[in-house]
Amino acid sequence: MAKVKPRVKVPRKAEVGEVITIKTLISHPMESGQRKDRKTGELIPRKIINHFTAKFNGEVVFDAAIEPAVSANPYFSFDMMVPEAGTVQFEWVDDDGSVYTEEKKIAIG
Amino acid sequence: MKKLMLLIASSSIAGLAFAGPGPDENTLVIEGEEMVTEVKTSGDHPLATVYSGWRFRKPETQALEMDDFENPAMVAVDYGIELWDTAAGTSAQSCADCHGDVEEAMAGFRANMPRWNEEAGQPWSLEHWVNWSITEHQEAEAWKWESPEMLAMTALIGLQSRGDPMTVQTDGPMAEWVERGKELYYTRVGQLDMACSQCHEDNYGQMIRADHLSQGNINGFPTYRFKWSGLGSLHRRFSGCMKNIRATPYKRGSDEFVALEAYLASRGAGLSIETPSVRN
Amino acid sequence: MDVSRRTFCQFGMGASAVALLPSLPALAGTDPVQEAIMAFTGGAMPGDGGIDLTTPEIAENGNTVPVEVSADGAASILLLAAGNPNPGVATFNFGKLAPNRAAATRIRLAQTQDVIAVAKLESGEFTMVKRTVKVTIGGCGG
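Residue numbers (the numbering used here), protein chains in the order written: chain A, 1 to 109; chain B, 1 to 280; chain C, 1 to 142.
Note that these hints are calculated values from the structure, not bench results. Be aware that one or more of the hints could be misleading.
[As the list claims (entries may be wrong)] Pairs of lysine to any residue residues, derived as SDA-like cross-links and limited to a Cα-Cα distance of at most 25 Å, are as follows: (1) B:58 with C:54; (2) A:104 with B:144; (3) A:55 with B:68; (4) B:144 with A:29; (5) B:144 with A:38; (6) B:227 with A:40; (7) A:39 with B:69; (8) A:3 with B:209; (9) B:227 with C:110; (10) A:105 with B:227; (11) A:23 with B:146; (12) C:96 with A:44; (13) B:144 with A:11; (14) C:134 with A:35; (15) A:3 with B:58; (16) B:144 with A:93; (17) A:5 with B:243; (18) A:5 with B:209; (19) C:134 with A:3; (20) A:55 with C:57; (21) A:36 with B:83; (22) A:23 with B:243; (23) B:243 with A:38; (24) C:96 with A:5; (25) B:58 with C:83; (26) B:227 with C:83; (27) A:3 with B:228; (28) A:104 with B:78; (29) A:23 with C:73; (30) A:3 with B:243; (31) A:23 with B:209; (32) C:96 with A:11; (33) A:47 with B:209; (34) C:134 with A:29; (35) C:134 with B:97; (36) C:134 with C:73.
Keep in mind it's a predicted model, so treat the numbers as computed, not measured.
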């Protein structure tokens, strides 16, 4: 499987109280468990990102419980109000237990 | 009566142009840069105008290409950047060590693929060039044509030509390769006994079931296809097309595909490189 | 009337709520879509209005369909695909720092079907909307 890589878009600066849009993506095949191996005819086991969380300074802003119906390379976009300077922390959880993280700082200005 | 005549007249004119929806009128602007998605041809080109495949896609698909975050291929470009900076092989050199900054070093490189290689005595696709550098200069193992690494690297390098007009040398030693590619383009193959031209020249703009046929131009490769849920190379697309008409496909990197690539680059010359593009 | 809309729906099976559900009867979980909705709402019948779902009319390819959902004051939004092998798509939860209770994602649709969004509002009420998305079969997509 190709490397699982997160990719996020967060403005570097914002005013206090400003509403920003955060976009996120992670490269992941999101194997649904519905596909069959062409050679053996066996079902390819499910292996997806099943949960995504975005926190700001430790407080949950947005999270998603994810099913195989979410497309490969799962993309989520949502808004956040910036209360102060801080760090947005992103976390993706894989069915196999792996946890992928990313973080971006937001300055006030 | 007059109204009816007008209606018939206008619909028959439309019928002459396309029976299907044809390419749309949208403008492709990527990160503020306007792309050339149509070129009026000259001379004995079989088409009056060549269009990028982007002009045949639905608005939701088109939108994904217009923003470098929305474009799902960009995560592979990130991986390409990582590879560019990573030392490899017994040379323990990264691409950056010799080439420096990828934006400078690779500017315009993909725009005129396949390029003639004097030593090899034939044109090379971008993948050939990459593997040559990896094996000769880095002394590392070659990457498979369709590997995540090769796709990431060709997407990264291709991006450095984005907005440049697609061109290819057609004279000198390239002439016979372009001619060979042209022959392949018009030759019927496979159980369905079809040539590229039958869909992409005779019927572009029409619907084949629910697929909107493009002219089959190659200015966006490697491309992120929804069908593949990922990036894929030009030769993969050729291969898929051949399988669809129940023909045994040529191999990736084969002389046939390189010739076809050369011909198609000349056929769509002038269109902006859109690599890495987004298609259905 | 002084009966709350929610109570009325539970007893009276408001016509609009029934019309929104993909199948009848609504009392028992007779199909997975119904079951998923009822599990999310705790058995309450969702109303309508106050929730927007944006989907393409025709999906160019069923494996990447962009969708956007928003509902003012939503604490959670459930997204379902009524014609998929399993209807569950995702459940979005919003924290206090999310001003617009809205999210966008890309989903897989196996065939032409209804995409359904159910919002749980902070008030405790539920509201629902659905959109039909045509999913096409390519001719020679390769």
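- Task: Below or equal to 25 Å on CA atoms is what counts here, so check residue 104 of chain A against residue 78 of chain B.
- Result: holds, 16 Å
- Query: Hey, residue 134 of chain C versus residue 3 of chain A, does the alpha-carbon distance stay inside 25 Å?
  - Reply: violated, 33 Å
- Message: Between the alpha carbons of residue 134 of chain C and residue 29 of chain A, is the straight-line distance 25 Å or under?
- Response: Measuring from Cα to Cα gives roughly 24 Å; hence the hint holds.
- Is residue 47 of chain A within 25 Å of residue 209 of chain B, Cα to Cα? Violated: residue 47 of chain A and residue 209 of chain B sit about 32 Å apart, past 25 Å.
- Given the hint that residue 227 of chain B pairs with residue 110 of chain C, test it: the Cα-Cα distance must not exceed 25 Å. Judged against 25 Å, a Cα distance of about 13 Å means the pair holds.
- Message: What's the verdict on residue 23 of chain A and residue 209 of chain B, does the C-alpha distance respect the 25 Å limit or exceed it?
- Response: With a Cα-Cα distance of about 34 Å, the restraint between residue 23 of chain A and residue 209 of chain B is violated, given a limit of 25 Å.
- Query: Does residue 144 of chain B pair with residue 29 of chain A here, judged by a C-alpha cut-off of 25 Å?
  - Reply: Answer holds: residue 144 of chain B to residue 29 of chain A is near 19 Å, not above 25 Å.
- Mind checking the alpha carbons of residue 36 of chain A and residue 83 of chain B for me, to see if they're no more than 25 Å apart? violated, 32 Å
- Query: Is residue 144 of chain B within 25 Å of residue 38 of chain A, Cα to Cα?
  - Reply: holds, 21 Å
- Take the C-alpha atoms of residue 134 of chain C and residue 73 of chain C, compute the straight-line distance between them, and say whether it is at most 25 Å. violated, 30 Å
- Query: Is the hinted pair residue 134 of chain C and residue 97 of chain B satisfied, with a Cα-Cα distance of at most 25 Å?
  - Reply: violated, 51 Å
- Message: Would the hint linking residue 144 of chain B and residue 93 of chain A be met if the CA-CA limit is 25 Å?
- Response: Measuring from Cα to Cα gives roughly 30 Å; hence the hint is violated.
When each numbered hint is compared with the structure, violations occur for hints 2, 7, 8, 10, 11, 12, 13, 15, 16, 17, 18, 19, 20, 21, 22, 24, 30, 31, 33, 35 and 36.
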